Structures are given as C-alpha cells and as structure tokens.
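Student: Put together the whole structure using the sequences plus the hints.
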Amino acid sequence: MPLKNYEHCCSTVQALASLGKIEGVIPLLHGPQPCLYQNQVASMSCRPAQLVTAGTLVNKSEVIFGGEASLKQQVKNLYEKYHPKVIVIITTCIPQLIGEDVEGVIAELKKEIPELTVTTCKTGFNYPRSMPLGSDAAWVAVLESFSLQDKIPGAIGIVGRTGQDAGNLAPIEMYFKKAGLTFFSFPTPHIDTMADIVRAERVYPIHITPWLTCKRLSESFSCDVHYLEIPAGIEGTSRFLRGIADREHCQKLHDLVDQEEQRVRPMLDAIRKQFAREKVRMLLVTGPANEVSIGKILAEFGAEVFIVPCMKNKFYQIEKKILQNRYNIRFIEDDFDTLGDLIDEIQPTAVSIEFQAQPETVARFIPTFINMLYLVEYGYDYALDLGTNFFKNMHRPVYETWKNFVRKYGG
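Using this note's numbering, the first residue of the sequence shown is number 1, and each one after it goes up by one.
If you are wondering where the hints come from, they were derived from the structure by calculation, not from laboratory data. Bear in mind that the values here come from a model prediction, so they are computed numbers and not experimental data. All the given hints hold, so there is nothing to weed out.
Below, a list of computed lysine-lysine pairs in the DSS-like style, where the Cα atoms sit at most 30 angstroms apart:
| hint | residue 1 | residue 2 |
| --- | --- | --- |
| 1 | Lys392 | Lys320 |
| 2 | Lys215 | Lys111 |
| 3 | Lys215 | Lys110 |
| 4 | Lys110 | Lys122 |
| 5 | Lys151 | Lys314 |
| 6 | Lys321 | Lys279 |
| 7 | Lys252 | Lys178 |
| 8 | Lys279 | Lys408 |
| 9 | Lys151 | Lys177 |
| 10 | Lys273 | Lys321 |
| 11 | Lys122 | Lys111 |
| 12 | Lys122 | Lys76 |
| 13 | Lys122 | Lys81 |
| 14 | Lys72 | Lys85 |
| 15 | Lys85 | Lys151 |
| 16 | Lys215 | Lys151 |
| 17 | Lys111 | Lys85 |
| 18 | Lys122 | Lys215 |
| 19 | Lys72 | Lys122 |
| 20 | Lys279 | Lys392 |
| 21 | Lys320 | Lys122 |
| 22 | Lys76 | Lys110 |
| 23 | Lys81 | Lys110 |
| 24 | Lys110 | Lys72 |
| 25 | Lys151 | Lys178 |
| 26 | Lys320 | Lys273 |
| 27 | Lys81 | Lys111 |
| 28 | Lys320 | Lys279 |
| 29 | Lys273 | Lys392 |
| 30 | Lys111 | Lys76 |
| 31 | Lys408 | Lys392 |
Have a look at the derived ranges for each label pair, beta carbon to beta carbon:
| hint | residue 1 | residue 2 | range |
| --- | --- | --- | --- |
| 32 | Arg407 | Ala276 | 26 to 34 angstroms |
| 33 | Phe365 | Gln251 | 51 to 59 angstroms |
| 34 | Pro153 | Asp334 | 44 to 52 angstroms |
| 35 | Glu201 | Gln259 | 23 to 31 angstroms |
| 36 | Arg263 | Ile318 | 26 to 34 angstroms |
| 37 | Asn389 | Ser147 | 42 to 50 angstroms |
| 38 | Gly340 | Asn389 | 21 to 29 angstroms |
| 39 | Asn325 | Ala363 | 30 to 38 angstroms |
| 40 | Gly99 | Ile318 | 31 to 39 angstroms |
Ideal placement from N, C-alpha and C gives every residue a C-beta, glycine not left out.
Tutor: Structural data, given as structure tokens:
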C-alpha cells in the first residue's frame with residue numbers, strides 16, 4: 001500500500017454504503033456526531049432512500065467513560081421499531097481507540113432478546129488505508145448472521161465487491177442461467193437471498209475485494225473458493241466464464257462464450273483501431289478497487305496502463321500477475337510524495353482518481369475520470385460501452401481550449 005493514498009474516504013463509509021443497500025439489514029454507526037454526519041452524507045448517494053441507517057452519537061462523557069449503554073439502548077430501539085433481520089454495528093475509530101466492549105454488548109442483547117440477530121463490523125481505525133476493505137469487513141459481519149445449510153450438489157456462487165453489485169450482476173449471471181447452472185449471488189438486494197451463498201459447493205469471487213469474505217465462507221461454511229480473475233473486458237470475461245465451464249464440466253457455457261466472442265469481435269476491433277490512432281497513457285489511482293478492473297479493460301484496448309493499487313490481498317496478487325503477464329501493466333506500489341509528482345513522472349494522457357485529488361489534475365489540464373462513477377464493470381457490454389465512449393468522455397477539446405487560454409494570457 002503506498003503511504004501517500006488518494007482515497008480520501010474512510011472504510012466506514014464503504015461499509016455503510018454497502019450494508020445500506022441490503023433490505024432486511026440496518027447498519028448502526030457507533031461513533032461521535034461529526035463522524036456519523038460525514039459518513040451518512042458521504043454514503044447517501046450510494047443508498048436507496050427507503051432503507052434505514054442509524055447512529056448512536058457518542059458524546060464527550062462517553063468518550064471518557066464508554067458508550068456501551070447508549071449503544072445497547074439504540075440497538076433495542078431499532079429492533080422494537082423496525083424488526084430487521086440483522087443489525088450490524090459499525091464501530092468507528094473512537095469506540096475502537098477507547099476499547100469499548102461491543103462484543104459484550106452483543107452478548108447481553110442476545111440474552112435479553114433471543115430473536116435479535118446483531119453482529120459487528122470493525123472498520124475505520126482498523127482499516128484506515130483502504131476504503132474497499134469496508135465492504136469486505138461488512139460482508140464478513142453479514143456472514144456471521146447466517147446459519148449452516150445443506151449444500152446443493154453442483155451449485156456455484158459468485159461473490160462481488162460492494163453494495164453496488166447487489167442486483168447488478170446480470171452481465172455475469174445470465175450466462176449461468178442460459179447454461180443451466182445452479183448458482184447463487186452475493187451480495188443481493190435482500191438479506192434472505194444473500195444467505196443462499198452458503199449452499200454453494202464452489203465459490204468464484206469476481207473481484208479482488210472480498211478476500212476476507214471468501215475466507216470466512218471457506219472456514220465457516222465449507223465453500224470451496226477459487227479465484228480465477230475479474231470478469232472485466234472481453235478477454236477477462238471469456239477467461240472467467242471458460243474457467244468455470246472447465247471446472248463445472250459445462251460445454252454449454254463454452255458455447256455461449258463462443259457466441260459472445262463472435263458478437264463482440266467487430267466492435268472490439270474498431271475500439272482497438274481508435275486506441276491505436278489516439279495513443280492513451282492511463283494512470284489509475286486507488287479507487288474502490290476498480291483501478292485494476294478498469295485498467296484491465298483499457299489495457300486490452302491497447303492503452304499503456306499504470307496502476308496505484310488500493311489493496312494487496314491474495315486476490316490482488318493473483319490479478320496483478322495476470323495483468324502484468326497479459327498486458328504489461330505497470331503497478332506503482334512504492335511511496336510517492338504527491339499525485340502531482342507522480343503525474344509529472346509518468347506524463348499520462350488521462351487519469352482516474354478520487355474527487356478530492358482533482359486539484360492536482362486540474363492544474364495540469366489532464367483529462368480526469370472520477371473512479372467512483374465507473375463501477376460494476378463486469379462483462380462484455382460494459383467494456384464495449386467504456387471503449388466506445390472513452391474519447392468522448394475525456395472532453396479533450398475543453399482541456400485544449402483552457403491550455404490555449406493559459407498559453408495566451410497566463411504569462
């Protein structure tokens with residue numbers, strides 16, 4: 001992990017955004033008012049308005065003497081009012097720093113309200129340097145509420161990245177449906193269907209993020225986990241699906257991939273020709289882990305790609321080798337002072353960054369993509385759409401106009 005990290009966003013925000021997408025779950029932020037306010041506002045655009053999130057508002061005296069009592073009461077209040085399937089306590093930095101006994105509170109609540117299911121997700125201070133870890137920690141907390149179920153022979157599961165994936169995995173799911181494979185997806189829009197993932201015999205993660213989630217599925221529910229690669233881009237999607245087809249002995253899935261490759265080949269060739277004419281040198285800086293998947297798509301089109309990764313778990317290490325060997329992508333894992341310095345060194349023609357890093361790109365008039373706006377990047381058609389609209393979305397005429405103004409009037 002680079003020491004200079006341009007995710008100006010806490011892992012707690014990502015946990016709240018992910019859990020807040022799941023019906024039947026109420027995430028409860030346990031922390032002081034400024035933290036709760038910022039997390040709620042930051043995740044608001046990622047959460048359906050009708051779903052509930054809550055907080056405890058730890059005050060000054062509770063920072064000194066502990067806020068377990070108010071936490072316990074707030075959990076009771078939520079359960080009495082909404083009766084959710086699961087309440088997930090997201091502990092922010094302050095409760096962790098003062099050593100609050102959240103597990104003890106949960107144990108007391110289970111004795112007092114046996115029908116209540118409550119778990120905890122420790123983000124914030126525990127994961128200060130990688131926003132996507134918020135999703136992974138959140139999914140592990142959800143898994144704690146699941147019970148063992150009988151496996152369905154031959155059933156497979158796919159495990160996605162964030163709450164954004166819930167209900168948005170059709171570009172991958174549809175091939176399993178057409179091939180007649182029994183499958184379960186995780187996450188989904190409702191906690192009940194998410195729980196079916198434990199019935200899968202084999203699990204295939206579709207992004208680098210859910211390492212802890214898959215580890216828990218393996219250890220607690222005896223799921224056989226296999227990381228193939230991210231199904232992003234034409235080649236990445238095909239290799240992912242063919243890998244499952246081989247492991248599941250499903251010729252029909254191979255046939256579907258053959259059909260799709262024939263369908264998309266003319267569009268892919270056209271995109272590659274445009275990328276060959278208009279050389280792209282792309283820098284992707286620590287997004288919600290999509291720096292590897294979007295970088296993968298652009299490299300397949302012919303762009304020269306540089307990636308500052310947001311995480312280094314075991315899935316990332318596998319994907320990194322794939323991208324280095326297949327596309328010669330360069331990974332920047334060493335420290336750097338500022339993003340501006342990195343831009344000056346690499347001289348990219350475009351960058352993908354977080355909102356807060358824009359000042360360092362705007363000053364250099366570099367076409368900038370905000371990585372949070374490019375999510376759920378799975379399957380063939382997403383890649384084709386990204387490639388077809390890439391140069392239009394760069395808005396290069398705007399940047400060139402400003403450069404001309406600066407050259408003429410800037411002195």
